[in-house]
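**Student:** Sequence:
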Amino acid sequence: MEYSRVLSLVFCICVCCCFFSTAQARSHKHSKHKHAHASPVSQISLPPCPPPEPANQTNGGHSYNSTNVFDVRSFGAVGNGIADDTQAFKAAWDTACQVEESAIVFVPYGYSFMIQSTIFTGPCQSRLVFQNSVDGTLMPPDGPDSWPQNNSKRQWLVFYRINEMSLQGGGLIDGRGENWWNLPCKPHKGINGTTLPGPCDSPIAIRFFMSSNLTVQGLRIKNSPQFNFKFDNCRDVHIESIYITAPALSPNTDGIHIENTNNVKIYNSVVSNGDDCVSIGSGCYDVDIKNITCGPSHGISIGSLGNHNSRACVSNITVRDSVLKYSDNGVRIKTWQGGSGAVSGVTFSNLHMNNVRNPIIIDQFYCLAKQCMNQTSAVLVSNIIYSNIKGTYDIRSPAMHFACSDSVPCTNLTLSDVELLPAQGELMLDPFCWNAYGTWKH
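When the letters of the sequence shown are read in order and numbered with mature numbering (1 follows the signal peptide of the UniProt record, and there is no 0), they come out as residues -25 to -1, 1 to 417.
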């Protein structure tokens, strides 16, 4: 009984639902049916691993050459949360960057340092560590009214052309994003929420650009104005044991965003925010995501891809051994009509869903406006594997949603051991399937 019910949930993947119209695919319509539960939801498999805890590091355990440790206080940083410590951090960075042996820019515990929008530029002479210690806090100016007029409002801390760098420690990065989220141009989701025209730049908290051999480990970051981390044109990135938080309705607060970046490892981290926990943009390949606790959020997404008729390629992506909870989406691939390129070689495995609205979704009709023009070209989505995905879904949407292009269908989709039941009641929604082809395996 259990397998027959699950099988009915995923059978749509084998047959193209030709009786739907294109308009239905774009509007994501689905039907409702009642199916009896043979066993209680509580018997669904437990998460693959316990949610990781935030890193709890101390100043002990490190053996540094004291001559290569550059405490920002030695360069004039005050650390009272009010004084502008930007130049002190820049001076500490520039000095450490010229050391021929490994060097440390040290942010001590017990202080709160306010830094304006800044670019830390390389290349440096050797490996460099930016150490934010336990109870040390970094913060930007408080909102757009406090932001210097001549400073970029698109980014806060930028690391540019760096090779071999670690950003680490158990300290806090406080993005102070509340006043940015409340700009009238932001997408508010309340009952009376509106979006008004006007300039709407908000800073990314931490951006790595054209850099390589990067490690981000042990940090806590909260309330970023926009993306928390962005990696653009980077390679060999290792993200470990970070803890990201923002309110569920904070707009565009993606936890980790990567684009044109390869050989990425994101492990053992917790993200709770108002947008994607992890978002993977065009030009990314060889990405491994493991043991992430994600939610509330918008899930883990590939895309959006192909906007403005652009070409986008993403390949060799793995998302595994993770928990997604109370999120708008679970694992999602989203592309715009009119794009080109391909998404291929993607594996989602050993995932636990807890009351997720769209646990599994491919949307090749992605559109932020109410009306988008129909176009024939599309980003090809193929060779996607969904394996051992179990848990519960929010009954407002079906557990699986495959809305694929009329002219460029989704192909070679493979599903095995997918068990998703409604979080409440007995109402089970039929999965939505449009131009999606593949196989179901036991």
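Keep in mind that a hint or two might mislead.
[Said to hold, decoys possible] Okay, derived cross-link-like pairs now, DSS-like style, lysine-lysine, Cα gap no bigger than 30 Å in a straight line: (1) 65 x 300; (2) 265 x 65; (3) 345 x 300; (4) 128 x 345.
No lab work stands behind these hints: they were computed from the structure.
**Student:** Could you tell me which of the numbered hints above are not met by this structure, giving the numbers in increasing order?
**Tutor:** Violated hints: 1 and 2; rest satisfied.
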